[in-house]
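**Q** Single-letter residue listing:
There are 2 protein chains.
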Amino acid sequence: MGLIDLSMTIRPMWRWPIEKELLKDIASGDPYQVTATKMGMHAFTHIDTPLHIELGRESIETVDLERLCGSTAVIDLTPVSANQEIGADLLIKRGIHVLPGDIVLLKTCWDLSRDYTTKEYWLDAPHLNRDAAQWLSELSLKAVGFDFPQDYVIREIPDRHPSAEEMPTHDLLLRKGILLIEYLCNLDQIKTNRVDLYALPLKISGTEGACARVVAVED
Amino acid sequence: MGLIDLSMTIRPMWRWPIEKELLKDIASGDPYQVTATKMGMHAFTHIDTPLHIELGRESIETVDLERLCGSTAVIDLTPVSANQEIGADLLIKRGIHVLPGDIVLLKTCWDLSRDYTTKEYWLDAPHLNRDAAQWLSELSLKAVGFDFPQDYVIREIPDRHPSAEEMPTHDLLLRKGILLIEYLCNLDQIKTNRVDLYALPLKISGTEGACARVVAVED
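Taken in sequence, the protein lines are chains H and P.
Under the working numbering, residues 1 to 219 are what the first sequence spells out, in order.
Under the working numbering, residues 220 to 438 are what the second sequence spells out, in order.
These aren't lab readings, by the way, just hints derived from the structure by calculation.
Fair warning: there could be bad hints in the mix.
Below 20 Å or equal to it, Euclidean Cα-Cα: the simulated DMTMM-like pairs (lysine to aspartate or glutamate) are [said to hold, decoys possible]:
1) P:Lys257 - H:Glu61
2) H:Lys38 - H:Asp25
3) H:Lys93 - H:Asp131
4) P:Lys410 - P:Asp330
5) H:Lys24 - P:Glu385
6) H:Lys20 - P:Glu240
7) P:Lys395 - P:Asp350
8) P:Lys239 - H:Glu61
9) P:Lys312 - P:Glu357
10) H:Lys38 - P:Glu238
11) P:Lys239 - H:Glu58
12) H:Lys24 - P:Glu375
13) H:Lys176 - H:Glu165
14) P:Lys243 - H:Glu19
15) P:Lys243 - H:Glu165
16) P:Lys338 - P:Asp378
17) P:Lys257 - H:Asp25
18) P:Lys338 - P:Glu304
19) P:Lys243 - H:Glu54
20) P:Lys395 - P:Glu280
21) H:Lys93 - H:Glu138
22) H:Lys191 - H:Glu218
23) H:Lys20 - P:Glu238
Derived, one-sided and incomplete: chain P residues facing chain H with beta-carbon distance under 10 Å [claimed, not checked]:
24) Leu222
25) Glu240
26) Ala246
27) Thr256
28) Ile272
29) Glu273
30) Leu274
31) Glu280
32) Glu285
33) Pro420
34) Lys422
35) Ser424
36) Glu427
Idealized CB from N, CA, C, for every residue including glycine.
Between the sequences and the hints, there should be enough to build the whole structure, so can you do that?
**A** Shown next as structure tokens:
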């Protein structure tokens, strides 16, 4: 059915510690294997809701999935260079096919330039400037997805925890209620500029986002 | 787009303990909120892979999502009564539209009869007998989804941990490589006998299954 998996593999790594515990273990005589996993809800491919940056806002289990699924415009920004600042001018030029009510995917294929288990994936990343986030915020979008750490200061985490105001996509998109789909990969496999997206986060009560599995469907 | 969310809400409850920890907390002066969650990968709506019952078998991140997405036959078993044993005869009668290569959803709407946060959801549940699992195992299916605890002895967990051989769907379907999509809900909202399914588990390295978000799309 032309399914493309846009999700990172969740595994222990320096930026996102993952704890796994075998609750039941066949090798130890249990009749079946059961693993428990502890992880942050903003590790690997995941969705942010506005509660991530503002108290009293919506949490992930209340989000209607129509906002994370459906008709999606892919804005092809390739090729990008290390540390490239992406401005509104490039988005306007490459995004003429975006329609009101769309989900937008920003495609840089950054995961082909830097391995996402290395620090260079963050330290050398392309990023959106404030004008770019402002332009996106005016398009009546449901959600925006990224295959790169999209705000410049994200590279400073966890040494420093920047304010939402320093992160243009968080400040201008997320605060407005446009959901963020973060840390996608494999966008090089998308060959068209429109796909159907299914970005499905775990339905966890009360959290400000959740780990997700995300697939694109091409006609 | 006719999207129906078939996923339970993940929250602390007696059968499935969930731990939540606020790693970053706006109320305590952090610039954003981040929650870490610890939970078993077979809690609430989830996918089982054969590694759940047999060492050396496939883990969840290696599963091609084509096996969990696409054309799906809904077998309507309603109405069901408490403790009803579902046999092959009923599946044959209600499942004449099932095609080779399908995913099958068994629809009992059990979540309307018993609240899935109560023990009665398990203690009174309808269940498949061995003949029913055997019949399903011969249909060349990709996966089978259930909206009830489908093997009789599942009700004994966690007081007793039954062997896979005591659980017909695990023994006859999962062992054969037919994936199990467990603890669905809201199947009463599906009005047709064919849907497109997107059953998307977290892509966790090495685990014998994972929590999932599952949606049906009706034409």
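**Q** Determine for every hint whether it applies to the structure shown.
**A** Checked hints:
1. P:Lys257 - H:Glu61: holds, 17 Å
2. H:Lys38 - H:Asp25: holds, 18 Å
3. H:Lys93 - H:Asp131: Holds - the C-alpha atoms of Asp131 of chain H and Lys93 of chain H are around 14 Å apart, at most 20 Å.
4. P:Lys410 - P:Asp330: holds, 16 Å
5. H:Lys24 - P:Glu385: holds, 17 Å
6. H:Lys20 - P:Glu240: Measuring from Cα to Cα gives roughly 16 Å; hence the hint holds.
7. P:Lys395 - P:Asp350: holds, 15 Å
8. P:Lys239 - H:Glu61: Judged against 20 Å, a Cα distance of about 15 Å means the pair holds.
9. P:Lys312 - P:Glu357: holds, 16 Å
10. H:Lys38 - P:Glu238: Satisfied, since the Cα-Cα distance of roughly 8 Å is no more than 20 Å.
11. P:Lys239 - H:Glu58: Holds - the C-alpha atoms of Glu58 of chain H and Lys239 of chain P are around 17 Å apart, at most 20 Å.
12. H:Lys24 - P:Glu375: This hinted pair holds, its Cα atoms lying about 16 Å apart.
13. H:Lys176 - H:Glu165: holds, 13 Å
14. P:Lys243 - H:Glu19: holds, 18 Å
15. P:Lys243 - H:Glu165: holds, 17 Å
16. P:Lys338 - P:Asp378: holds, 13 Å
17. P:Lys257 - H:Asp25: Holds, at roughly 18 Å.
18. P:Lys338 - P:Glu304: With Cα atoms ~19 Å apart, Lys338 of chain P and Glu304 of chain P stay inside 20 Å; holds.
19. P:Lys243 - H:Glu54: Judged against 20 Å, a Cα distance of about 12 Å means the pair holds.
20. P:Lys395 - P:Glu280: holds, 18 Å
21. H:Lys93 - H:Glu138: Answer holds: Lys93 of chain H to Glu138 of chain H is near 16 Å, not above 20 Å.
22. H:Lys191 - H:Glu218: Status holds; Cα separation ~8 Å.
23. H:Lys20 - P:Glu238: holds, 14 Å
24. Leu222: holds, 5 Å
25. Glu240: It holds, given that the least Cβ distance between Glu240 of chain P and chain H is near 8 Å, below 10 Å.
26. Ala246: holds, 7 Å
27. Thr256: Hint holds; Thr256 of chain P Cβ to chain H Cβ min 6 Å, cut 10 Å.
28. Ile272: With Cβ-Cβ at 5 Å, under 10 Å, it holds.
29. Glu273: holds, 8 Å
30. Leu274: It holds, given that the least Cβ distance between Leu274 of chain P and chain H is near 5 Å, below 10 Å.
31. Glu280: At 5 Å from the nearest chain H Cβ, Glu280 of chain P passes the 10 Å test, so the hint holds.
32. Glu285: holds, 6 Å
33. Pro420: holds, 6 Å
34. Lys422: holds, 5 Å
35. Ser424: Holds. Min distance 4 Å.
36. Glu427: Cβ of Glu427 of chain P sits 5 Å from chain H, so the hint holds.
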